[in-house]
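Every letter in the sequence shown is one number past the one before it in full-length UniProt numbering, and letter 182, counting from 1, is 182.
Do not take every clue at face value.
[Said to hold, decoys possible] Subject to a maximum C-alpha distance of 20 Å in a straight line, what follows is the list of computed SDA-like cross-link-like pairs (lysine to any residue):
#1 K8 with S321
#2 K37 with V271
#3 K8 with E18
#4 K112 with D79
#5 K346 with V311
#6 K309 with S258
#7 K8 with N28
#8 K174 with A149
#9 K275 with L247
Hints were generated in silico from the structure; no laboratory data involved.
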Amino acid sequence: MDLILASKKADKTMMEVEGVGGYYGWSNSQFPLLSQKKLAAGLLLLQPHGFSQPYYSVSSKIGYVCEGECIVGLISPEDSKEEVIKLQKGDALPLTLKTVSWWYNDGDSEFKIIFLGEYDDEYTPGEYYGFCLAGFIGTLNGFSNEFIAKSFHMTKTESEKLIKDQSRTNLLIKINEGTKMPHPCNKVKHKVVFNLDSAKPCVEVKNGGVLSAVTCRNLPLLGGVGLANRVVLESGALFGPIFTADLSVQLSYVTKGSGRVQIVGPLRKVVLDTKVEEGGLFFVPKFFPFVVEADEGGMEFFSVITSSKQVYGELSGGKKSIWEAISPSVLEASLNMTPDLTAYFKSKIAKGAVISPPSTI
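Please put together the full structure from these sequences, using the hints given.
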């Protein structure tokens, strides 16, 4: 089984406007597994006062804010009501298919958000595909002046001016300072956003790191998208070995630092053993155990799992470890160990966790 499971930084520029921002992705030539497994990844960057025009996707995805702040407008086709929220670092936002969204960086630093999830294979494989409502590639520019005039009860001259004005703007534009943008509503945010950076960790190990997750229990909107987690590892710490214990797969993006990822396939074959750095992607196939070790300086990564429920099989230490559950006699026979060594191994498992601090040996 020859799989390209890891990739460098995004190598495909979908849209880029100097001083405003850009939208980037991973090409099939660099990361063919995305299209093969019906997954996609996209990175949106907005400079201060940068604005991404209203747009809707044909696929569901989860966005994670890596840096900065942003005001986001969300419009659902079901009720056509605009909800405006303020995103900050660590926020995870599920975007269901057909939801219209616009994005505005009202801060004084760069805004960066990574989108991960599955895609609709009727369109561009391995990429998020959608429809812009405004700008020179917007839907208004596709229809004839005659239809636009009739639809909006405008004169032909008025519709021609509307179309002409659209043809002069990009998907990404800069908003003039002083322009009053919609004000975010805090009451809405908790219904659609979950902050992974400030959440109570599922696992926390001193000198090791933390694992935080968002599921349907935290955020019901995730039901049709998947689930997500964030792992923070301190220098030299280890996450795993662990595997997804259902039919789901995992796509991860390194948000900070660097480290080493090792994935083992059937018949003990090592299918990936590589260094990953900030901005890189790595993919874990269903049932394949994997382990991540942070370099000096630590490592953080955000992952989307294509399942509505997080089910991990832990081959590490800890109370939930499969090794801990196996009876001593079976463990002794399976690993060909003496009773004393089996008891010692069991004691070490009991003291461990899915995250391990740096070894002092």
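These are the hints, each one checked on the structure:
Simply put, K8 and S321 have alpha-carbon atoms about 32 Å apart, too far for the 20 Å limit, and the pair is violated. Between K37 and V271 the CA atoms are separated by roughly 16 Å; this keeps the pair inside 20 Å, and the hint holds. Between the alpha carbons of K8 and E18 the distance comes to roughly 23 Å, so the proposed pair goes past 20 Å and is violated. Distance restraint check for K112 and D79: the Cα-Cα separation of roughly 29 Å exceeds the 20 Å cut-off, and the hinted pair is therefore not satisfied.
Note on K346 and V311: the hinted pairing is violated, with a Cα-Cα distance of about 23 Å set against a maximum of 20 Å. The straight-line distance between the Cα atoms of K309 and S258 is roughly 28 Å, outside the 20 Å bound, and the hint therefore fails. The suggested pairing of K8 with N28 holds, with an alpha-carbon distance near 12 Å, which does not exceed 20 Å. With a C-alpha separation of about 28 Å, the suggested pair K174 and A149 falls outside the 20 Å cut-off, and the hint is violated.
Distance restraint check for K275 and L247: the Cα-Cα separation of roughly 26 Å exceeds the 20 Å cut-off, and the hinted pair is therefore not satisfied.
Of the numbered hints listed earlier, those contradicted by the structure are 1, 3, 4, 5, 6, 8, 9.
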